[in-house]
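Chains as they are written, first to last, in the numbering used here: chain Z, 12 to 261; chain F, 12 to 261.
Source of the hints: derived by calculation from the structure; they are not laboratory data.
One or more hints might be untrue.
Heads up, the list lumps identical chains together, so a pair's fine if it works in one copy or across two of them.
As the list claims (entries may be wrong) - Cut-off 20 Å, straight-line C-alpha distance, at most; resulting in silico cross-link-like pairs (SDA-like, lysine to any residue):
{"#": "1", "residue 1": "K50", "residue 2": "Y199"}
{"#": "2", "residue 1": "K194", "residue 2": "S75"}
{"#": "3", "residue 1": "K209", "residue 2": "S75"}
{"#": "4", "residue 1": "K249", "residue 2": "S123"}
{"#": "5", "residue 1": "K246", "residue 2": "M258"}
{"#": "6", "residue 1": "K194", "residue 2": "L238"}
{"#": "7", "residue 1": "K13", "residue 2": "E188"}
{"#": "8", "residue 1": "K28", "residue 2": "S240"}
{"#": "9", "residue 1": "K87", "residue 2": "L245"}
{"#": "10", "residue 1": "K147", "residue 2": "F109"}
{"#": "11", "residue 1": "K209", "residue 2": "S36"}
{"#": "12", "residue 1": "K246", "residue 2": "E205"}
{"#": "13", "residue 1": "K122", "residue 2": "H212"}
{"#": "14", "residue 1": "K156", "residue 2": "K194"}
{"#": "15", "residue 1": "K257", "residue 2": "E205"}
{"#": "16", "residue 1": "K256", "residue 2": "L245"}
{"#": "17", "residue 1": "K156", "residue 2": "N108"}
{"#": "18", "residue 1": "K85", "residue 2": "R110"}
{"#": "19", "residue 1": "K85", "residue 2": "Q243"}
{"#": "20", "residue 1": "K246", "residue 2": "N103"}
{"#": "21", "residue 1": "K122", "residue 2": "K217"}
{"#": "22", "residue 1": "K156", "residue 2": "N63"}
{"#": "23", "residue 1": "K156", "residue 2": "V125"}
{"#": "24", "residue 1": "K85", "residue 2": "N103"}
{"#": "25", "residue 1": "K194", "residue 2": "M12"}
{"#": "26", "residue 1": "K84", "residue 2": "S192"}
{"#": "27", "residue 1": "K217", "residue 2": "S192"}
{"#": "28", "residue 1": "K50", "residue 2": "S36"}
These numbers were taken from a predicted model, which means no experiment stands behind them.
Protein chains: 2
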Amino acid sequence: MKLAIIGSGNVAYHLAKAFVENGVSISQIFGRNESELQKISGELQIPFSVKNLENANVYIISVSDSAIREVSKKIKNSDVLAVHTSGSASRNALNGNFRKGVFYPLQTFSKSRVLDYSEIPFFIDAENENDKLLLKNLAEKISKKVLFADDEMRKYIHLTAVFACNFVNHLFSRAKEISDSQKIPFDYFFPLIEETVKKIHEIEPKFAQTGPAVRNDENTLLLHESLISDEQQLKIYKTINESIKKMYNL
Amino acid sequence: MKLAIIGSGNVAYHLAKAFVENGVSISQIFGRNESELQKISGELQIPFSVKNLENANVYIISVSDSAIREVSKKIKNSDVLAVHTSGSASRNALNGNFRKGVFYPLQTFSKSRVLDYSEIPFFIDAENENDKLLLKNLAEKISKKVLFADDEMRKYIHLTAVFACNFVNHLFSRAKEISDSQKIPFDYFFPLIEETVKKIHEIEPKFAQTGPAVRNDENTLLLHESLISDEQQLKIYKTINESIKKMYNL
């Protein structure tokens, strides 16, 4: 079986690395960004091209959602399986006569990070049982956690991930703005952040809530609002406190 | 030196436990909630009372911000040091003729959690250098990270903690509502959440941002808004995405 990867972004890089590390060879990595492809190719010893997409049996298309349709048109053979790696795009965002599927890793990827791929849940989907099994076997080369999810379920998984990861990271950015403004090193907050996360393995987050809003401590809420000078920080402060109060009927 | 703790909540319990585990004896734990005091007293072998606050040299008052003033009135001796453990309350929220200080542990406390106290930053403050030194030595029995912070700095530390901990936990609650609504086990998201946190030890959160808003992926943002049926979830979704776009000038 020949496996090709299309794309040179964070997900493409980490998938290629995970496959290579687990003994699955990649026949080609294809894309537009020559310098990124060159780096990946050099590190992982995979042939790359920006011009000729070679024949393969399975193509993993790891590009931005809006590019899936155009990129997938480059696959001219029909007796192949092409999958994308998007959480939100429908399986039918793929455009062509080939068999279609999805290969969605639930993780946040940055090129500079070393990841334990075996713990990453992979949500796969395909048009027929054979392809589902093929994708399951492929994902199981990398991960211990391979599951099926159709378009509808995958959208909600992605939405949940946006709250639990993207939004959480943004709160860290805004928190750091506040501590930076007072020259307080942000790493003072690391034990607190780690405990916040460890806690939810044992206690449901709803029952682990602490802080002024859940205590209905109006004095502290007003004090904090008076300390905040940034408009976006203030909007977040008010919106999340309101949401906390609603959740606990305060 | 006789050290007493006033209060029976999460912070009072963990401070008492941390002291006892590190060989600092507590002469009394005092408060209103007899059943909680009884539990703490039983576990940690500390005398407790709901009626008679015995003499001590140092009192740690670990009660809600709004109760600090009233509770501190119970300390009648003037040649003693009394401190509170609040992030937001001023040192002068303490009411009496005794010497005043603050002993603020930067952590989120739940009674059921076992914590590594040595990693918890303690922010201390007092009216004179002797008391600062006394509090520093006391905190260093528990923690490797003891720092000074006045009222002003401590308020910002607490505000930062609200963003980095309380709000993050609430996002986990809202995320879990979404995954629960689709019967998707929330523990699928744990590797993602852990990586989100690990990442910021190496990459500033501002440079670690991923997700549809920072990619300016309007299609996905609109898709997600159409999936959300809860008013508070939608307000959070829009507010944080707007804040992300502003931060990156999108």
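Right, here's what the structure says about each hint:
With identical chains, the CA atoms of K50 and Y199 are never at most 20 Å apart, being 36 Å at best within one copy and 31 Å at best between copies. In the homo-oligomer, the alpha carbons of K194 and S75 never lie at most 20 Å apart, since the shortest distance is 38 Å inside one protomer and 28 Å across protomers. For a Cα distance limit of 20 Å, the shortest separation of K209 from S75 qualifies neither inside one copy, at 32 Å, nor across copies, at 25 Å. Neither within a single protomer nor between protomers do K249 and S123 lie at most 20 Å apart by alpha-carbon distance, with minima of 35 Å and 30 Å respectively.
Taking identical chains as interchangeable, the C-alpha atoms of K246 and M258 lie at most 20 Å apart whether they share a chain (18 Å) or sit on different chains (13 Å). Within a single copy, K194 and L238 get their C-alpha atoms as close as 15 Å, which meets the 20 Å cut-off; across copies the closest is 40 Å, which misses it. Taking identical chains as interchangeable, the C-alpha atoms of K13 and E188 are never at most 20 Å apart, the minima being 48 Å within one chain and 41 Å between chains. In this homomeric assembly, K28 and S240 never come within 20 Å of each other (Cα to Cα): the closest approach is 44 Å inside a single copy and 38 Å across copies.
In this homomeric assembly, K87 and L245 never come within 20 Å of each other (Cα to Cα): the closest approach is 52 Å inside a single copy and 41 Å across copies. In this homomeric assembly, K147 and F109 come within 20 Å of each other (Cα to Cα) only inside a single copy, at 19 Å, whereas the closest approach across copies is 69 Å. In this homomeric assembly, K209 and S36 never come within 20 Å of each other (Cα to Cα): the closest approach is 36 Å inside a single copy and 29 Å across copies. Taking the shortest Cα distances, K246 and E205 never come within 20 Å of each other, neither inside one copy (25 Å) nor across copies (27 Å).
When the C-alpha separation of K122 and H212 is checked against a cutoff of 20 Å, the pair qualifies only between copies, where the shortest distance is 15 Å, while the shortest distance within a copy is 27 Å. In this homomeric assembly, K156 and K194 come within 20 Å of each other (Cα to Cα) only across copies, at 17 Å, whereas the closest approach inside a single copy is 42 Å. Taking the closest pair of Cα atoms, K257 and E205 never come within 20 Å of each other, the shortest separation being 26 Å inside a single copy and 27 Å across copies. Within a single copy, K256 and L245 get their C-alpha atoms as close as 16 Å, and across copies as close as 15 Å, so both meet the 20 Å cut-off.
In this assembly of identical chains, the alpha carbons of K156 and N108 never lie at most 20 Å apart, being 30 Å within a copy and 62 Å across copies at closest. For the identical chains of this complex, K85 and R110 are intra-copy neighbours only, at 14 Å inside a copy versus 77 Å across copies, given an alpha-carbon limit of 20 Å. Within a single copy, K85 and Q243 get their C-alpha atoms no closer than 43 Å, and across copies no closer than 43 Å, so neither meets the 20 Å cut-off. For a Cα distance limit of 20 Å, the shortest separation of K246 from N103 qualifies neither inside one copy, at 38 Å, nor across copies, at 30 Å.
Proximity of K122 to K217 under the C-alpha cut-off of 20 Å is restricted to the inter-copy arrangement: shortest distance 15 Å between copies versus 33 Å within a copy. In this assembly of identical chains, the alpha carbons of K156 and N63 never lie at most 20 Å apart, being 34 Å within a copy and 58 Å across copies at closest. In this assembly of identical chains, K156 and V125 lie within 20 Å of each other by CA distance solely inside one copy; the values are 18 Å within and 29 Å between copies. In this assembly of identical chains, K85 and N103 lie within 20 Å of each other by CA distance solely inside one copy; the values are 15 Å within and 71 Å between copies.
Taking the shortest alpha-carbon separations for K194 and M12, neither the intra-copy value of 56 Å nor the inter-copy value of 35 Å comes in at or below 20 Å. Proximity of K84 to S192 under the C-alpha cut-off of 20 Å is found in neither arrangement, the shortest distances being 50 Å within a copy and 36 Å between copies. Taking CA atoms no more than 20 Å apart as the test, K217 paired with S192 passes between copies only; the shortest distance there is 15 Å, against 31 Å inside one copy. For a Cα distance limit of 20 Å, the shortest separation of K50 from S36 inside one copy, 17 Å, qualifies, whereas the shortest one across copies, 60 Å, does not.
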